[in-house]
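Trainee: Residue-level listing of the chains:
2 protein chains.
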Amino acid sequence: MKDLDAELSVRQLGEQSLLKRLQAFCPADLVGDDAAVLLTQPGKSLVVTTDVLVDGVHFSDRTTSPEDAGWRAAAANLSDLAAMGATPIGITVGLGLPGERAIAWVERLYQGLTDCLSRYNTVIVGGDVVRSPVTTVAITAFGQADPNRLIRRAAAQPGQAIVVTGMHGASRAGLELLLHPDQAQDLTPSDRDTLIRAHQHPIPRLDVLPLLFPPPLPPSTPSPIAGMDSSDGLADAILQICRASGVGARIDRHQIPIPAALPQWVGAKQAMKWALYGGEDFELVLCLPTDLAVKLVDQLDQSAMIGITTTQPDVWLVDASHTYPDERLSFEQGFQHFH
Amino acid sequence: MKDLDAELSVRQLGEQSLLKRLQAFCPADLVGDDAAVLLTQPGKSLVVTTDVLVDGVHFSDRTTSPEDAGWRAAAANLSDLAAMGATPIGITVGLGLPGERAIAWVERLYQGLTDCLSRYNTVIVGGDVVRSPVTTVAITAFGQADPNRLIRRAAAQPGQAIVVTGMHGASRAGLELLLHPDQAQDLTPSDRDTLIRAHQHPIPRLDVLPLLFPPPLPPSTPSPIAGMDSSDGLADAILQICRASGVGARIDRHQIPIPAALPQWVGAKQAMKWALYGGEDFELVLCLPTDLAVKLVDQLDQSAMIGITTTQPDVWLVDASHTYPDERLSFEQGFQHFH
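Quick note, the sequences are listed as chains G and P, same order. If you read the first sequence in the working numbering, its first letter stands for residue 4, the second for the next number, and so on. If you read the second sequence in the working numbering, its first letter stands for residue 4, the second for the next number, and so on.
Isolated chain G (complex conformation) (with noise of 0.2 angstroms):
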């Protein structure tokens, strides 16, 4: 960006000019035509997800930068797809902007959205920039899964291992930080960046796919693991997958992975309210046989097997210790359970 420029608004450059600025951030060869042409390997399957940011809604600029913005958005739709067991092939990013909107806010959403992109050799491979009265951001990624490997919500099986890829708690945590700057002055520097950066750069696990299915599968071999992401909070993922697959669940709250920082900051309860409920931790919540669970474990910081699925329809959470009484998890009453 030029120094000139950091006044320029939409109005003033047009929303064509900027189509073709923007066109900066995408590959030479994706450009110029009616549509982007992608090419895909033979025998995948085309994984497709879709997700609308609206400012003051889904962020906002008293709270989040540009830059952070456009990773949010872009590591949220990565996940989607890592979710799936697909690998990203690119997205494409529709902008709705006031007039007033500065050219140099909307090269930094665009330079936030090519780091997380470019960190998984993925690219926007198209998109359209129109006159709105409210900031809009529409994203779609497309991925491609072998047919075999494919992680679905409704394949779980009663009697398998339930993983989850890393910690909870750490996103809604770093949001209160965030919020309220002045609390939690006992945490370390170090605890404090650890939470902040969870919120703002979420990692979409990609990096789980290549452990998840080491010898190769014949072809025709259903996908033996079950799963989703843990955008909208874990007990939520562990709910959907049940529901889904028509099983039930243990869990035992004192595997669930939640950073050592949580509970000594809020206490107990309130870290494990955050790790169930919180949301936006983008881990992923897998169902597999116990073997495949013990190796990926073995590979992975910070996951863990948090319990069992079962034929008795009801998610549980249990305590070994018998310390809490064990509790039913539902859609309905999840939240208040935790008041």
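These aren't lab readings, by the way, just hints derived from the structure by calculation. Some clues are possibly wrong.
Non-contacting residues of chain P with respect to chain G, defined by C-beta distances greater than 12 angstroms in every case (computed) [said to hold, decoys possible]:
1. ASP58
2. GLU70
3. SER82
4. GLU103
5. GLU179
6. ASP210
7. LEU214
8. ALA247
9. ASP255
10. VAL269
11. VAL297
12. MET308
13. PRO328
Result set (DSS-like, lysine-lysine): computed pairs, CA atoms no more than 30 angstroms apart in a straight line [unchecked claim]:
14. LYS47(P) to LYS23(G)
15. LYS47(G) to LYS298(G)
16. LYS23(P) to LYS276(G)
17. LYS47(P) to LYS298(P)
18. LYS298(G) to LYS276(G)
19. LYS47(P) to LYS47(G)
20. LYS47(G) to LYS23(P)
21. LYS276(P) to LYS23(G)
22. LYS276(P) to LYS298(P)
Yeah, the Cβ is synthetic: ideal placement off N, Cα and C, and Gly gets one too.
Guided by the hints, dock chain P onto chain G, whose structure is given.
Mentor: Just chain P, lined up with the frame of chain G:
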């Protein structure tokens, strides 16, 4: 829709419940996971395009029914696929909705989308519904194409025939009739209906694709056809193709297919202006070898060979009958020429 629902708003139902209701418009096997899974044919390229439509900018309850807004949104995206030589696989729909927006409006929008899509064996494969101060519709469409049958903007060669697949100016005339219903009392009811329908229900020219490449091409042959759609106007399409390909063009003004009712109503000059600059006719503008062009025009009602590409880089509108002087078309001057 049930009568009881007629007044139900997004706020009353909630975004998540609305999303579930909209899933009735999608194939059941595609919803319920973090992302949709689609099968593509081996050896095909994936083609992707995206559009954002904003209430008050691109559609309005004053002039557009929600069904028509949905049809037009789907048609515009399918036209972009047709313009690449791609057949559609599916679309995603991202919706931003104010709380007071009626659920019935949203379902009628979806009805319009699926009415258009089903005509081309295409479906809504996924979506997102979020709260927004302004109704926003973000559509991403994917298609597939043989890599050597892609229609690229930059692939035109000098000496090719320029073909348009149908009438131009009709959509702009239809808009005029919608904005000023008291105009053009001399038009027959049938002409009025045809022009209004051209604006409200544009037809993406996917029907043209099977006619373009009748003999199977050897796998490595590059596509002999360049082009794009005329959604931003016929003059814009010709200029874009010529600029991208480094060629010029001579267009015979008398060969441009214009509905006969237009010059009768607004005079020849204004009719030509609407044909060249009105936009939203969603026809294909193709550059191809003369023998293929002759065969194509032979098979397509209302299509026409309107000129040839040239080595010199300018685009000229010429008149074989010498009634009008030759005019050089340009992005900047185009409009003024015709005032």
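Trainee: Does each hint hold? Answer for all of them.
Mentor: Against the structure, the hints come out as follows:
1. ASP58: violated (9 angstroms)
2. GLU70: About 22 angstroms separates GLU70(P) from the closest Cβ of chain G, which puts it past 12 angstroms; holds.
3. SER82: Since the minimum Cβ distance to chain G is about 8 angstroms, SER82(P) lies within 12 angstroms and the statement is violated.
4. GLU103: holds (15 angstroms)
5. GLU179: holds (23 angstroms)
6. ASP210: holds (17 angstroms)
7. LEU214: Nearest chain G Cβ is 19 angstroms from LEU214(P), so the label holds.
8. ALA247: Nearest chain G Cβ is 6 angstroms from ALA247(P), so the label is violated.
9. ASP255: The assertion about ASP255(P) holds, with a minimum of 25 angstroms to chain G.
10. VAL269: Per Cβ check, VAL269(P) is outside 12 angstroms of chain G; nearest 28 angstroms; holds.
11. VAL297: Label holds. Min Cβ-Cβ 25 angstroms, cutoff 12 angstroms.
12. MET308: holds (22 angstroms)
13. PRO328: The assertion about PRO328(P) holds, with a minimum of 30 angstroms to chain G.
14. LYS47(P) to LYS23(G): Given pair LYS47(P), LYS23(G) holds - Cα atoms ~28 angstroms apart, limit 30 angstroms.
15. LYS47(G) to LYS298(G): Measuring from Cα to Cα gives roughly 26 angstroms; hence the hint holds.
16. LYS23(P) to LYS276(G): holds (27 angstroms)
17. LYS47(P) to LYS298(P): Distance of about 26 angstroms is within 30 angstroms: holds.
18. LYS298(G) to LYS276(G): holds (29 angstroms)
19. LYS47(P) to LYS47(G): holds (12 angstroms)
20. LYS47(G) to LYS23(P): Holds. LYS47(G) to LYS23(P) sits at ~28 angstroms (cutoff 30 angstroms).
21. LYS276(P) to LYS23(G): Holds, because 27 angstroms separates the two Cα atoms, which is no more than 30 angstroms.
22. LYS276(P) to LYS298(P): holds (29 angstroms)
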